[in-house]
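Colleague: Use the sequences and the hints to build the structure in full.
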Amino acid sequence: MKKKFFIMLVIIILVVILGATIILGRYLQEHQKSSLYEAENFYFTSDLLKEESAVSFWKDGVNKLKINFSNSADKLRYTKSDINAVVRLSEFIDNRKFVKKREINLTLEGNKITNKEIVFDNLEKGAYKIEAITSSPYVKKLEGIFSIDSNNNTIKHLVNDRADSTVLMLKISTIDYEGNIKIKFPDGLYPDNNEDAFKDVDIDNSKEVIVKFKHHSSYTYKFYKKDPKKIFKEDDFEVGGV
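Numbering (my numbering), first residue to last: 5 to 246.
For the record, the hints were derived by calculation from the structure and aren't laboratory data.
Below, simulated SDA-like cross-link-like pairs (lysine to any residue); rule was C-alpha separation at most 25 Å, straight line: (1) K79 x S140; (2) K188 x E135; (3) K188 x V246; (4) K160 x K188; (5) K229 x D240; (6) K226 x E212; (7) K101 x G130; (8) K188 x S210; (9) K233 x V243; (10) K144 x D86; (11) K145 x I97; (12) K226 x V213; (13) K160 x H219; (14) K229 x F202; (15) K188 x S151; (16) K68 x V103; (17) K54 x I108; (18) K129 x S50; (19) K203 x I159; (20) K234 x V123; (21) K120 x R92; (22) K84 x D51.
Modeller: Printed below as a string of structure tokens:
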């Protein structure tokens with residue numbers, strides 16, 4: 005009797021262990037699927053920074069870098085949790101190594117499409133690396149290396165605007181510079197599509213255009229304002245050589 009009882013006890017224990025193993029296996033499988041689903045729905049993107057670093061060359065007239073960040077892949081896919089990150093600017097010193105110069109904290113609000121812009125200005129001629137590293141909800145790193153060539157070649161722009169005006173004028177002048185200039189304008193402005201530079205611009209998808217300039221030249225562009233009471237300034241535009 006004792007022997008039969010011992011055998012039955014062993015069988016019961018084995019059945020319990022087997023059942024627990026099956027339940028645990030199913031839990032781990034579902035947890036892995038859930039974790040994979042969550043990871044696949046983590047989006048942290050940028051217009052200039054990528055997961056694999058690349059070198060970008062910025063021509064004369066550029067002394068600041070504007071980096072746009074988003075928590076979305078498109079209009080339908082976005083990250084549900086808040087994204088916390090640090091954006092770091094380093095300069096290549098003495099042709100040896102990158103040394104950290106500035107650091108900005110970045111938060112992208114979750115559960116909706118969120119876009120933010122980080123600006124590093126007053127940059128001198130040299131090579132810079134920008135890294136964006138998230139700490140939550142997951143760890144991800146984007147980076148890019150930028151070579152800025154600033155010398156006596158100059159690109160200047162001036163905005164002529166006032167309150168209650170329905171139009172503003174943007175004047176761009178070059179001093180000993182010849183080449184392409186990128187003009188990026190803010191929301192709330194509509195370029196005059198009678199201008200050759202803007203006639204093919206789809207402002208719903210793009211708010212920038214590249215125009216070729218000659219040495220010591222200037223040109224004035226007209227923009228129509230959505231809100232006449234708003235006053236635009238030079239810093240609202242991005243104008244520089246590309």
